[in-house]
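Chain A is already provided as a structure; the job is to place chain B on it using the hints.
If you read the sequences in order, they're chains A and B. Going by full-length UniProt numbering, the letters in the first sequence line up with residues 1 to 439, in that order. Going by full-length UniProt numbering, the letters in the second sequence line up with residues 1 to 439, in that order.
No lab work stands behind these hints: they were computed from the structure. Some hints could be false.
Covered stretches of chain B, going by a simulated chain A footprint (3 or more residues, C-beta under 8 Å) [unchecked claim]:
#, region
1, 75-88
2, 157-163
3, 175-185
4, 202-210
Beta-carbon label-pair distances, calculated as ranges [what the hints assert, rightly or not]:
#, chain 1, residue 1, chain 2, residue 2, range
5, B, Thr169, A, Lys340, 28 to 36 Å
6, A, Arg193, B, Asp56, 47 to 55 Å
7, B, Arg207, A, Met87, 18 to 26 Å
8, A, Thr377, B, Val197, 44 to 52 Å
9, A, Gln355, B, Gln44, 53 to 61 Å
Think of the CB as a built atom: it goes at the ideal place given N, C-alpha and C, for glycine as much as any other residue.
Number of protein chains: 2
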Amino acid sequence: MIKTQMEMYLHEELETLTRTEIEALQFERLLRTVRRCMKSPFYQKRFAEAHLSPEDIRSLDDLRKIPFTTKQDLRDNYPFGLAAVPMSEVVRLHSSSGTTGTPTVILHTQKDLDEWANAVARCLYMVGLRRGDVFQNSSGYGMFTGGLGFQYGAERLGMLTVPAAAGNTKRQIKFITDFGTTALHAIPSYASRIHEVMEEMGIDPVRDTKLRTLVIGAEPHSEEQRRKIEKMLGVKAYNSFGMSEMCGPGVAFECTEQNGMHIWEDYYIVEIVDPQTLEPVPDGEVGELVLTTINREAMPLLRYRTRDLTRILPGDCPCGRHHKRLDRMKGRSDDMMILKGVNIFPIQIETVLMQFEELGTDYLITLTNEEANDLMTVEVELKEFSDDYPRLQALTREITRQLKDEILLTPVVRLVPKGTLPKQEGKAVRVRDLRRTLI
Amino acid sequence: MIKTQMEMYLHEELETLTRTEIEALQFERLLRTVRRCMKSPFYQKRFAEAHLSPEDIRSLDDLRKIPFTTKQDLRDNYPFGLAAVPMSEVVRLHSSSGTTGTPTVILHTQKDLDEWANAVARCLYMVGLRRGDVFQNSSGYGMFTGGLGFQYGAERLGMLTVPAAAGNTKRQIKFITDFGTTALHAIPSYASRIHEVMEEMGIDPVRDTKLRTLVIGAEPHSEEQRRKIEKMLGVKAYNSFGMSEMCGPGVAFECTEQNGMHIWEDYYIVEIVDPQTLEPVPDGEVGELVLTTINREAMPLLRYRTRDLTRILPGDCPCGRHHKRLDRMKGRSDDMMILKGVNIFPIQIETVLMQFEELGTDYLITLTNEEANDLMTVEVELKEFSDDYPRLQALTREITRQLKDEILLTPVVRLVPKGTLPKQEGKAVRVRDLRRTLI
Numbered sequence: 001m002i003k004t005q006m007e008m009y010l011h012e013e014l015e016t017l018t019r020t021e022i023e024a025l026q027f028e029r030l031l032r033t034v035r036r037c038m039k040s041p042f043y044q045k046r047f048a049e050a051h052l053s054p055e056d057i058r059s060l061d062d063l064r065k066i067p068f069t070t071k072q073d074l075r076d077n078y079p080f081g082l083a084a085v086p087m088s089e090v091v092r093l094h095s096s097s098g099t100t101g102t103p104t105v106i107l108h109t110q111k112d113l114d115e116w117a118n119a120v121a122r123c124l125y126m127v128g129l130r131r132g133d134v135f136q137n138s139s140g141y142g143m144f145t146g147g148l149g150f151q152y153g154a155e156r157l158g159m160l161t162v163p164a165a166a167g168n169t170k171r172q173i174k175f176i177t178d179f180g181t182t183a184l185h186a187i188p189s190y191a192s193r194i195h196e197v198m199e200e201m202g203i204d205p206v207r208d209t210k211l212r213t214l215v216i217g218a219e220p221h222s223e224e225q226r227r228k229i230e231k232m233l234g235v236k237a238y239n240s241f242g243m244s245e246m247c248g249p250g251v252a253f254e255c256t257e258q259n260g261m262h263i264w265e266d267y268y269i270v271e272i273v274d275p276q277t278l279e280p281v282p283d284g285e286v287g288e289l290v291l292t293t294i295n296r297e298a299m300p301l302l303r304y305r306t307r308d309l310t311r312i313l314p315g316d317c318p319c320g321r322h323h324k325r326l327d328r329m330k331g332r333s334d335d336m337m338i339l340k341g342v343n344i345f346p347i348q349i350e351t352v353l354m355q356f357e358e359l360g361t362d363y364l365i366t367l368t369n370e371e372a373n374d375l376m377t378v379e380v381e382l383k384e385f386s387d388d389y390p391r392l393q394a395l396t397r398e399i400t401r402q403l404k405d406e407i408l409l410t411p412v413v414r415l416v417p418k419g420t421l422p423k424q425e426g427k428a429v430r431v432r433d434l435r436r437t438l439i
Numbered sequence: 001m002i003k004t005q006m007e008m009y010l011h012e013e014l015e016t017l018t019r020t021e022i023e024a025l026q027f028e029r030l031l032r033t034v035r036r037c038m039k040s041p042f043y044q045k046r047f048a049e050a051h052l053s054p055e056d057i058r059s060l061d062d063l064r065k066i067p068f069t070t071k072q073d074l075r076d077n078y079p080f081g082l083a084a085v086p087m088s089e090v091v092r093l094h095s096s097s098g099t100t101g102t103p104t105v106i107l108h109t110q111k112d113l114d115e116w117a118n119a120v121a122r123c124l125y126m127v128g129l130r131r132g133d134v135f136q137n138s139s140g141y142g143m144f145t146g147g148l149g150f151q152y153g154a155e156r157l158g159m160l161t162v163p164a165a166a167g168n169t170k171r172q173i174k175f176i177t178d179f180g181t182t183a184l185h186a187i188p189s190y191a192s193r194i195h196e197v198m199e200e201m202g203i204d205p206v207r208d209t210k211l212r213t214l215v216i217g218a219e220p221h222s223e224e225q226r227r228k229i230e231k232m233l234g235v236k237a238y239n240s241f242g243m244s245e246m247c248g249p250g251v252a253f254e255c256t257e258q259n260g261m262h263i264w265e266d267y268y269i270v271e272i273v274d275p276q277t278l279e280p281v282p283d284g285e286v287g288e289l290v291l292t293t294i295n296r297e298a299m300p301l302l303r304y305r306t307r308d309l310t311r312i313l314p315g316d317c318p319c320g321r322h323h324k325r326l327d328r329m330k331g332r333s334d335d336m337m338i339l340k341g342v343n344i345f346p347i348q349i350e351t352v353l354m355q356f357e358e359l360g361t362d363y364l365i366t367l368t369n370e371e372a373n374d375l376m377t378v379e380v381e382l383k384e385f386s387d388d389y390p391r392l393q394a395l396t397r398e399i400t401r402q403l404k405d406e407i408l409l410t411p412v413v414r415l416v417p418k419g420t421l422p423k424q425e426g427k428a429v430r431v432r433d434l435r436r437t438l439i
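Just chain A, with the same shape it has in the complex (with noise of 0.2 Å):
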């Protein structure tokens, strides 16, 4: 399909969904999934447990009687039980490093690799990438989602691909010098390495390059971070997320809003629960991510808890498209305290932290309890040493000011002076729970 430039939607007719349509095509494709899950070992002996039969899932809602799927049954059904399909059918597998115990596999049938590739040329040309843009992918390649994902993806917009693949920094920069590179897949820590390397080369990202777009994803990072990089590199930087379990990148990105990622409802319907509970929460509360693969045949996965933990964007977006938008993550669901019965997680007190330029980035929650009432204290390293004790007061009023407007609980607060926090193999520990058990 040849697009124009100027035309906004790759698929118009997808993108442009009302509500309405989205959920009818979600209800149409959730049906089509289950009935195909019966194929699976795995998923008919889910359903038999839990007396449940692919005809009980009558409307949308229905999805909340499925159980829902986990790592930990991806691991017990290493390699193959999840596969829907023939295994002659399977044309590609990508497994995780298993680096902790058994690894987990997901499985791609051929249509399953376009619709990949659908799903992430869909993403780039949404932030306005087109034939005739040099598209570097700085992701390792193999078994790493982020290689194969974004070279189908870039490849099937026309797109000049550069697969550098992961590494050496000062290739990379000459890639993008030599090539005329307009667009770079990066984790942001890696942006930001490579304008530091661009510097020590004496290279001006603006004046001698026509980098204009990166694609950022695969690591928590903050709104901060975000225009600090645009700013060094002179570029619009586009949130973008995946997971292998999901196929890899092409979830959900950013418009040109720049404000929330689309969620592809034509490929996914998302849940955010509390991760307790596993109740539902309302949009714009954080939970735990959870995914329901509609538009799959190798290894449909239902109710899949992506420990991600994020929230709905409520409202509009002004870019025509009524697919959901997910906050950035805020964290995985495993790092949740919980404080007074409020879910606390400490990606939000970073994220408050991180606005103070007196601060430094190392940080350290301690929970306490004294007679039932849980107290939470937040060190943080100043960055410059200072005894000018009456601006580090008014400093710490103010921080446990804007904290207490996050988390709606007021912690102790103390500023201390930098390298004093204890360190864990070089990285910050971040939390310390020391509350006695009440049981």
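Below, chain B alone, put in the same frame as chain A:
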């Protein structure tokens, strides 16, 4: 195109062309290619300098009117000087690492990638691989063409592809056993390494794996090595020839006869020339491989000097394909020695020496001249110390006799103790030319 398991040819019509039909197709495609080249700034200039125009090509033999293209031409016109299409039609580039100076770049349109995948698929189909096979690729991905090249080709065939990428041998073996890998692509030395680690892990490749087919290439190896690898792993191993300038893998490949690599003459016109005179050598004689791409859009190459030494194997192949067969690569033309007017390559000496169990792997060829008489001395290390002089003398005589059979000259052979020959940066020095120039 769905093929049954029993069919011999993936592209029957193209694979079973008669010589006459091949040459007719080649001429037609050569004409199209030459006309296409006139859109490339490089070839425009090159043709003008040679006072040549596309109309001068009136037969296949007229190919020889066209000047050679060299790697230096690619470097001098880096990055896009050889493009024969607008850059907006280029969807991928592969770049050499450029460790030795300016890198080279090869450009591909979408059709080029399709045809590349077709060529690789044809190769893999030819050795019996089919949908249902599990194909594991231990090439590096990204810029290295063995990764994406085999990936796209194996997917096209509908096999289950395992993009393992390079390194991590234990993980490769885990993939082989867990996923039921039936076919592996690896360089010969890595295939040996995999066997070594399997032994350490107590894994018997025949008993514990489904591995039956090995695709080997990208590294010089002898027939003895191939047979050894086949025995170790319980597989049939097929030689593969490719180079990034010709896309990558898929240029030439062995059929099940394992008797030379069919070069796809619907993609390439093959010439073998004397590296000194650049005149063609007869079939059966070793010379430099020169290739003309006749099925490529983005960046056709006319009479590209590969620097690889090989020969056309004379005679017909029982497999029914009339596409010429290349012998395994015999080194680089830069390594060629000329003695008494005879072209000799180190690999010829090496092949003879490797057949003697008593000999180690290190040898040194020294060329001297006395009174205009060229003399070759071959020193070779013994595997183990021996003072059984009659036996050593007999061995020396036998080596001398076999070398003379191979190179048609009688060298002086000296057996030396292990570890006595010079090394450079850990790598053996193979040739030392001490001849005084006579001019």
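### Query
Which earlier hints turn out false for this structure, listed by number in ascending order?
As far as the earlier hints go, 4 and 5 are violated by this structure, in ascending order.
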